[in-house]
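Peer 1: As a plain string of letters, each chain reads:
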Amino acid sequence: MQENYLAKWLNGELTESELADFKASEEYATYQKIINASGKMEAPHFDVDRAWNTFNERDANNDSTTKVVPLQPYKQFLRIAAVIAVLLTGSYFYINSLDKTFTTAIAERTEITLPDNSQVSLNADSKVSYNAKKWDSKRALELEGEAFFKVAKGKKFTVTTAAGEVAVLGTQFNVEHRPNFFEVTCYEGLVRVTHAGQEYQLPAGNSFVVVNGKLVTTDKPTALEPSWMHNESEFKSIPLRYVLNELERQYAITVSTKNIDTAQLFTGTFSNTNLKLALESISTPSQIEYKLSEDNVLFYAGNTP
Amino acid sequence: MDNVCEERTFSSIFKTNSKTIFNYIYYKYGNEEKAHDAVQEAFVKLWENCAKVTQEKAKSYLYTVANNLYLNVIKAEKVRLKYAEKHKGGATAESPEYVLEEKQFKEKLDSALNALPENQRTTFLLNRVDGKKYAEIAAMEGVSVKAIEKRMHLALKSLREKIEGI
Numbered sequence: 247m248q249e250n251y252l253a254k255w256l257n258g259e260l261t262e263s264e265l266a267d268f269k270a271s272e273e274y275a276t277y278q279k280i281i282n283a284s285g286k287m288e289a290p291h292f293d294v295d296r297a298w299n300t301f302n303e304r305d306a307n308n309d310s311t312t313k314v315v316p317l318q319p320y321k322q323f324l325r326i327a328a329v330i331a332v333l334l335t336g337s338y339f340y341i342n343s344l345d346k347t348f349t350t351a352i353a354e355r356t357e358i359t360l361p362d363n364s365q366v367s368l369n370a371d372s373k374v375s376y377n378a379k380k381w382d383s384k385r386a387l388e389l390e391g392e393a394f395f396k397v398a399k400g401k402k403f404t405v406t407t408a409a410g411e412v413a414v415l416g417t418q419f420n421v422e423h424r425p426n427f428f429e430v431t432c433y434e435g436l437v438r439v440t441h442a443g444q445e446y447q448l449p450a451g452n453s454f455v456v457v458n459g460k461l462v463t464t465d466k467p468t469a470l471e472p473s474w475m476h477n478e479s480e481f482k483s484i485p486l487r488y489v490l491n492e493l494e495r496q497y498a499i500t501v502s503t504k505n506i507d508t509a510q511l512f513t514g515t516f517s518n519t520n521l522k523l524a525l526e527s528i529s530t531p532s533q534i535e536y537k538l539s540e541d542n543v544l545f546y547a548g549n550t551p
Numbered sequence: 424m425d426n427v428c429e430e431r432t433f434s435s436i437f438k439t440n441s442k443t444i445f446n447y448i449y450y451k452y453g454n455e456e457k458a459h460d461a462v463q464e465a466f467v468k469l470w471e472n473c474a475k476v477t478q479e480k481a482k483s484y485l486y487t488v489a490n491n492l493y494l495n496v497i498k499a500e501k502v503r504l505k506y507a508e509k510h511k512g513g514a515t516a517e518s519p520e521y522v523l524e525e526k527q528f529k530e531k532l533d534s535a536l537n538a539l540p541e542n543q544r545t546t547f548l549l550n551r552v553d554g555k556k557y558a559e560i561a562a563m564e565g566v567s568v569k570a571i572e573k574r575m576h577l578a579l580k581s582l583r584e585k586i587e588g589i
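Taken in order, these protein sequences are the chains called F and P.
Heads up: the first sequence begins at 247 in my numbering, then just goes up one per residue.
Heads up: the second sequence begins at 424 in my numbering, then just goes up one per residue.
No lab work stands behind these hints: they were computed from the structure.
In this text, a Cβ means the ideal position worked out from N, Cα and C, and glycines have one as well.
Misleading hints may appear alongside valid ones.
[Unchecked claim] Using C-beta positions, here's what the derived DEER-type ranges look like:
#, chain 1, residue 1, chain 2, residue 2, range
1, P, E500, F, A275, 28 to 36 Å
2, P, K438, F, L333, 45 to 53 Å
3, P, K505, F, S271, 28 to 36 Å
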């Protein structure tokens, strides 16, 4: 007899000889009886339609909850949290790899300490940016406006402006780049300025000034730091136009002129903290008048010769 | 759409399978109330996950849910099965001895069935009462056809031995 022959018999899978043998056995009668009796058995009554209605009522009652509430809200939360974590880490590294930028508004000044402890003082309406990550291998920054640098000794330190490049090893110098105006003053050490393809060596106490694309020689600075560090703006034979521009940057005022030659040279200082004083400082030596109304200043030619 | 979220698909799955799920759980545990609950529970779960279950997988999904519901949780109770009514006013006259003998045999069969291991009883009754093929039972239980044949064979053997008083 093959394996599980009773199961095979019920399924009609026995061979003829096997079937004959099985029928001849004495157990056969009882098996037949079991099969006959069990064939008449019935499971308890089950009403499919009623069960369906029960199901639908239950489904309707729970519809909003069963369908909407996630099975594992915590898992869902974790999933979202993981995504946020990845984004945060990613953006952290991304932002870190971006340049660091510091900006000052009009009439604002700020101090920045670079990764190598070099100091940058940023004058009003200026912007400096550098890559902190690459700082160790490349000390370089970009400047728009005016800043005073106290550079720690080390590798070449480069300041790039639209008008030229200033490279030093370790020194104190001031760089100012405004529209049509480029000035580098060296207070300590040696500064190399590249302007319009030309290289200039600038020893301590010298200024390099380019106004309107023309190189201008100026007197040696006597101070140890640019005057704006002490809240004064200092000028040496600088056209009045640039002086007035600086005034606008330091005081958030609009300057207009009437019947004045703004190309005349101005030597002197004005206060960066006292507007009244500053206006006097500019107008008196230039022999012009001014009229101040709110945040507007009008400079005009006086009647006196 | 291959899933079972569509109302008509779902209701047809319910109509064709609920009775067998009910019987299946009843044969296992002998508890009608639990069997009713298992049907509801299995279909609620299927509905909740309808988007993830294909039509082919729906059946085995239902049996898995129903089966897991009471796994190791409830003890099997006595399975009680009725016998189909005799033909009313049948011409065949039956001697009192025959009727008595048959009644006794049924009682013996009942107790022998309850003495079977749960998986053999379930297989036997699904085949005998519900007329399920071995392959269908194998799919419900998640085992091979051969395993079902084995259960069937052992069930018949034990039943006979119990009834004959061996």
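Peer 1: Is it true that E500/P and A275/F lie within 28 to 36 Å of each other by Cβ?
Peer 2: Taking Cβ atoms as reference, E500/P and A275/F lie about 31 Å apart, which means the hint holds.
Peer 1: Is it true that K505/P and S271/F lie within 28 to 36 Å of each other by Cβ?
Peer 2: 31 Å, holds
Peer 1: Could you check the hint for me, namely that K438/P and L333/F are 45 to 53 Å apart, CB to CB?
Peer 2: 49 Å, holds
Comparing the model with each numbered hint stated earlier shows that all of them hold.
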